[in-house]
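Residues per chain, in single letters:
There are 4 protein chains.
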Amino acid sequence: MRILFVGDVVGDMGMAMIHEYLPQLKRDLKPQVTIVNGENSTPVGRGISYKIYKQLLKDGADVVTMGNHTWDNAELFEFIDDAKRLVRPVNFPGKTPGQGWTKVKVNQQTLAVVNIQGRVFMNQLVDDPFATMADLVPELDTPFVFVDFHGEVTSEKRAFAMRFTGDVSAVVGTHTHVQTSDAQVLDHQTAFLTEVGMTGPADSILGMQADSVITRFENQRPARYTVQTQGPGLLSGCVIDLNDQTGHARSIRSILISPQHPYQS
Amino acid sequence: MRILFVGDVVGDMGMAMIHEYLPQLKRDLKPQVTIVNGENSTPVGRGISYKIYKQLLKDGADVVTMGNHTWDNAELFEFIDDAKRLVRPVNFPGKTPGQGWTKVKVNQQTLAVVNIQGRVFMNQLVDDPFATMADLVPELDTPFVFVDFHGEVTSEKRAFAMRFTGDVSAVVGTHTHVQTSDAQVLDHQTAFLTEVGMTGPADSILGMQADSVITRFENQRPARYTVQTQGPGLLSGCVIDLNDQTGHARSIRSILISPQHPYQS
Amino acid sequence: MRILFVGDVVGDMGMAMIHEYLPQLKRDLKPQVTIVNGENSTPVGRGISYKIYKQLLKDGADVVTMGNHTWDNAELFEFIDDAKRLVRPVNFPGKTPGQGWTKVKVNQQTLAVVNIQGRVFMNQLVDDPFATMADLVPELDTPFVFVDFHGEVTSEKRAFAMRFTGDVSAVVGTHTHVQTSDAQVLDHQTAFLTEVGMTGPADSILGMQADSVITRFENQRPARYTVQTQGPGLLSGCVIDLNDQTGHARSIRSILISPQHPYQS
Amino acid sequence: MRILFVGDVVGDMGMAMIHEYLPQLKRDLKPQVTIVNGENSTPVGRGISYKIYKQLLKDGADVVTMGNHTWDNAELFEFIDDAKRLVRPVNFPGKTPGQGWTKVKVNQQTLAVVNIQGRVFMNQLVDDPFATMADLVPELDTPFVFVDFHGEVTSEKRAFAMRFTGDVSAVVGTHTHVQTSDAQVLDHQTAFLTEVGMTGPADSILGMQADSVITRFENQRPARYTVQTQGPGLLSGCVIDLNDQTGHARSIRSILISPQHPYQS
Ligand SMILES: [Fe+2]
Ligand SMILES: [Fe+2]
Ligand SMILES: [Fe+2]
Ligand SMILES: [Fe+2]
Ligand SMILES: [Fe+2]
Ligand SMILES: [Fe+2]
Ligand SMILES: [Fe+2]
Ligand SMILES: [Fe+2]
Numbered sequence: 001m002r003i004l005f006v007g008d009v010v011g012d013m014g015m016a017m018i019h020e021y022l023p024q025l026k027r028d029l030k031p032q033v034t035i036v037n038g039e040n041s042t043p044v045g046r047g048i049s050y051k052i053y054k055q056l057l058k059d060g061a062d063v064v065t066m067g068n069h070t071w072d073n074a075e076l077f078e079f080i081d082d083a084k085r086l087v088r089p090v091n092f093p094g095k096t097p098g099q100g101w102t103k104v105k106v107n108q109q110t111l112a113v114v115n116i117q118g119r120v121f122m123n124q125l126v127d128d129p130f131a132t133m134a135d136l137v138p139e140l141d142t143p144f145v146f147v148d149f150h151g152e153v154t155s156e157k158r159a160f161a162m163r164f165t166g167d168v169s170a171v172v173g174t175h176t177h178v179q180t181s182d183a184q185v186l187d188h189q190t191a192f193l194t195e196v197g198m199t200g201p202a203d204s205i206l207g208m209q210a211d212s213v214i215t216r217f218e219n220q221r222p223a224r225y226t227v228q229t230q231g232p233g234l235l236s237g238c239v240i241d242l243n244d245q246t247g248h249a250r251s252i253r254s255i256l257i258s259p260q261h262p263y264q265s
Numbered sequence: 001m002r003i004l005f006v007g008d009v010v011g012d013m014g015m016a017m018i019h020e021y022l023p024q025l026k027r028d029l030k031p032q033v034t035i036v037n038g039e040n041s042t043p044v045g046r047g048i049s050y051k052i053y054k055q056l057l058k059d060g061a062d063v064v065t066m067g068n069h070t071w072d073n074a075e076l077f078e079f080i081d082d083a084k085r086l087v088r089p090v091n092f093p094g095k096t097p098g099q100g101w102t103k104v105k106v107n108q109q110t111l112a113v114v115n116i117q118g119r120v121f122m123n124q125l126v127d128d129p130f131a132t133m134a135d136l137v138p139e140l141d142t143p144f145v146f147v148d149f150h151g152e153v154t155s156e157k158r159a160f161a162m163r164f165t166g167d168v169s170a171v172v173g174t175h176t177h178v179q180t181s182d183a184q185v186l187d188h189q190t191a192f193l194t195e196v197g198m199t200g201p202a203d204s205i206l207g208m209q210a211d212s213v214i215t216r217f218e219n220q221r222p223a224r225y226t227v228q229t230q231g232p233g234l235l236s237g238c239v240i241d242l243n244d245q246t247g248h249a250r251s252i253r254s255i256l257i258s259p260q261h262p263y264q265s
Numbered sequence: 001m002r003i004l005f006v007g008d009v010v011g012d013m014g015m016a017m018i019h020e021y022l023p024q025l026k027r028d029l030k031p032q033v034t035i036v037n038g039e040n041s042t043p044v045g046r047g048i049s050y051k052i053y054k055q056l057l058k059d060g061a062d063v064v065t066m067g068n069h070t071w072d073n074a075e076l077f078e079f080i081d082d083a084k085r086l087v088r089p090v091n092f093p094g095k096t097p098g099q100g101w102t103k104v105k106v107n108q109q110t111l112a113v114v115n116i117q118g119r120v121f122m123n124q125l126v127d128d129p130f131a132t133m134a135d136l137v138p139e140l141d142t143p144f145v146f147v148d149f150h151g152e153v154t155s156e157k158r159a160f161a162m163r164f165t166g167d168v169s170a171v172v173g174t175h176t177h178v179q180t181s182d183a184q185v186l187d188h189q190t191a192f193l194t195e196v197g198m199t200g201p202a203d204s205i206l207g208m209q210a211d212s213v214i215t216r217f218e219n220q221r222p223a224r225y226t227v228q229t230q231g232p233g234l235l236s237g238c239v240i241d242l243n244d245q246t247g248h249a250r251s252i253r254s255i256l257i258s259p260q261h262p263y264q265s
Numbered sequence: 001m002r003i004l005f006v007g008d009v010v011g012d013m014g015m016a017m018i019h020e021y022l023p024q025l026k027r028d029l030k031p032q033v034t035i036v037n038g039e040n041s042t043p044v045g046r047g048i049s050y051k052i053y054k055q056l057l058k059d060g061a062d063v064v065t066m067g068n069h070t071w072d073n074a075e076l077f078e079f080i081d082d083a084k085r086l087v088r089p090v091n092f093p094g095k096t097p098g099q100g101w102t103k104v105k106v107n108q109q110t111l112a113v114v115n116i117q118g119r120v121f122m123n124q125l126v127d128d129p130f131a132t133m134a135d136l137v138p139e140l141d142t143p144f145v146f147v148d149f150h151g152e153v154t155s156e157k158r159a160f161a162m163r164f165t166g167d168v169s170a171v172v173g174t175h176t177h178v179q180t181s182d183a184q185v186l187d188h189q190t191a192f193l194t195e196v197g198m199t200g201p202a203d204s205i206l207g208m209q210a211d212s213v214i215t216r217f218e219n220q221r222p223a224r225y226t227v228q229t230q231g232p233g234l235l236s237g238c239v240i241d242l243n244d245q246t247g248h249a250r251s252i253r254s255i256l257i258s259p260q261h262p263y264q265s
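Quick mapping for you: the protein sequence lines, in order, are chains A, B, C and D.
Going by the UniProt record's numbering, the residue at position 103 of the first sequence is 103; the numbering climbs one at a time, nothing skipped.
Going by the UniProt record's numbering, the residue at position 68 of the second sequence is 68; the numbering climbs one at a time, nothing skipped.
Going by the UniProt record's numbering, the residue at position 202 of the third sequence is 202; the numbering climbs one at a time, nothing skipped.
Going by the UniProt record's numbering, the residue at position 190 of the fourth sequence is 190; the numbering climbs one at a time, nothing skipped.
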């Protein structure tokens, strides 16, 4: 089973990169399942809308994952219960609308796609991702499990991946928006990449216009960050191959389309 | 001018990787200046000792940079005033032993090497890196400036690099220990890499044995992390070329020697 | 010299408490200088407006201090340069509008009123309050110095007060909105109170309606907190007496008007 | 039912204050149950030992509560399973030694004593205290419930108390070591005090010698804090009366023995 995962889509340029490159990537890589993180996909870079959710599916996503920005666009509350292809972090506390994982049929197999959030330096006090995942693994009842771990620090992401090596097929990090170069298969079982990176404007800071971000670092006064809508685009992703018998990962390879790395099919 | 930079050397395996590969890298790449981050270079992975400092120089480092672990080994207080090739973060507050930058002669030019620390989610309340650097740039009085920015979050590192684009030759991040894949020259002037990554045991979390790190995430009880001393090694670095007239960066390329990426000269 | 200080005025009920009790307190206590923290004084509990600033002066404040919510109401940018009786934290970084301290004439003496912000767990990365104050003390050039230290943790507030014991007349904490019971004169020189507390609705959490705050703790979803406008009011303050020769504190006494402690003149 | 609670006992001076005043307080106040927070009771101010645990019981404690420093003295692991009168935070994650609550017989009634830890700005990632307590309330199966909520921020403590008003008899905060002046009965049902304060050396910062704490704030270098062993002592506590039929609180009054407030029986 081949999985294509694309990291945090930011704003209109992120959506344009998806529209332009996701069909090409699917044509060239032929994944059975395509997953896209959409927590920053509205034009303002915060949350998701129904229109954008539908557009992501139309452009080729089978499942859309989220993160700490899940609820930034309140429109999600209206459609999340019907959004069968959208998963928000499974360890959000209490009675939370939406689902934390979903299953996708792939020929004879079933892939479970899980979204989970880290706790270190994150702005929400979510439930323990380690304990949550330990409880969830048997419940998923399939050896094919992809986890989008939305977190800030490298140690928590890697500790999570090493804890669940053999239990899940892949752990891929999101949230810091800058891809890491450590794609690897842990113990011949679990594909891991600390951070897949974002999809959106290259000439930006996390997808935002640089000026306001820099100014805020300098003067610490409130600033509304504006999504960058100019300049070249960036797409960050990875492609993962699983053993069709065991669900164990055979390989993981990062994908980066950027001014420095133009797409070559 | 060509600069070779190697990220956070962790423990004995980090030192062994330096000993084995730094001479090869220098022979193959022929940098004029070699800089190594040594904040985790003692056998316990915290701080530096005189013996290790000397070994790093012997193995080819011209300058050793530090970070939040600078003072973890108290022996440094004894020799830092005489350690002309060692720089600790320039924005440590108050009257702090040691120096935050130093200069290296390269033919006709002078390279200033600056170590500076970020503030977001860092465990020390250091002085503002933006204001500190703004004051420092004119004082350095050379167009050849390399900055090791020791910080946690991608936004602060990139905001810093974009703020000082044109003012300094290169900004390379350290501290998260996992290399990012975004090496780039900003505006044809300043080389930037969010995080260069660490040098040490590959089968580890931040260089530490995974078990104790995972267990601590699970039970939140105090744990002494033990440096990993088994398995394959990792070396993370980058090589930067500067225009010899202007000091502007012409290129930056990341270096990764790992089980997935064996060294090829 | 007698100083009356009243802590964070929150919303309309805070303003009503000021309007009702500040004249009484001044009549009964006869302070020469009255200082009020106004960082939460708008109807929504965030920042200050010109109208409210003027109202606070009219109701008896000689100086209005601020804190981390200084810029929450953008109207302040319009009038801060003319607001001679308003001080925002002196250690806000860079070129910041407004002033961090001001002087009030009291008979033959001059009282400097300083607003300064802590760094531990605060949502702005401000300049080092210890270094800032060390530089400021000689510049103030008067032995009568009142400091509103706006900070989260007890250790930082007390460390600051003990560091500047003898250098300033009084250090009174603000920001946590719950008065502490440790009013004391340190070393017969400097009046200290870890936290003076807030002025506003008693039946609230930090001045906000409890329901939305509790719900957010439980489900971690975004919530706009609404200022409580019902129920009894609360006024938190303290009165400090200084030696008219030396500027040293002779006494500090906390003031609390609440449902549990009705005002008795 | 009358409950006496004494806040964080710090070091030898804290133990001396307990030894001197706890018998007096019990004689004068005649509580049926006496609870003492012992998370800082070793001579170094971190954790607890068997000897000290026994001494606290001998001096009059019926139950000893803990907090974030629970495991700082590893000796506790050896005796916690037999320490029937000691409770550590009930929301410590995973399989944690010890118990989070215990029951004390008082005539015909049973008082449950619960220790629970907050999450905001705390150095351990513990389980959700709100969800944990919601599950625990029915399990306790008694209307007489005392909760030591060990947390940093005023909002979380008060939100917790207001959430469980009517469900528990009393919520008293610990951890910040400085008593607040807001003792009150919420809705005629639940006694609440944001922070009870510490018991130990008065001339200190959190019980530690001031010099090293101040120096660390100024230079941000590692420092071992030393417990203050000189000068006057401080005891912080509160006394709570419950309705013997309903378990609802009738009153709460804070207790402070300090240089400013000598003990008067
Ligand atoms: Fe994102
Ligand atoms: Fe995110
Ligand atoms: Fe490091
Ligand atoms: Fe570091
Ligand atoms: Fe406030
Ligand atoms: Fe505040
Ligand atoms: Fe404590
Ligand atoms: Fe504590």
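Hints may contain errors.
[What the hints assert, rightly or not] Taking lysine-lysine pairs in the BS3-like style, the calculated list, with each CA pair at most 27 Å apart, reads: (1) Lys-51/D x Lys-95/A; (2) Lys-26/C x Lys-95/C; (3) Lys-58/D x Lys-95/D; (4) Lys-30/C x Lys-105/C; (5) Lys-95/C x Lys-95/B; (6) Lys-103/C x Lys-26/C.
I should point out that these hints are in silico values taken from the structure, not numbers from a laboratory.
Fair warning: this is a prediction, and the values are worked out from it, not measured in the lab.
Hint-by-hint comparison with the structure:
Restraint check: the Cα-Cα separation between Lys-51/D and Lys-95/A comes to about 45 Å, which exceeds 27 Å; the hinted pair is violated. Under the criterion of a C-alpha separation no larger than 27 Å, the hint pairing Lys-26/C with Lys-95/C is inconsistent with the structure, at around 36 Å. The straight-line distance between the Cα atoms of Lys-58/D and Lys-95/D is roughly 30 Å, outside the 27 Å bound, and the hint therefore fails. For the suggested pair Lys-30/C and Lys-105/C, the alpha carbons sit about 16 Å apart, so the restraint of at most 27 Å is met.
Restraint check: the Cα-Cα separation between Lys-95/C and Lys-95/B comes to about 25 Å, which is no more than 27 Å; the hinted pair holds. For the hint pairing Lys-103/C with Lys-26/C, the CA-to-CA distance comes to about 20 Å; that is within 27 Å, so the pair holds.
Hint compliance for this structure: hints 1, 2, 3 are broken, all remaining hints hold.
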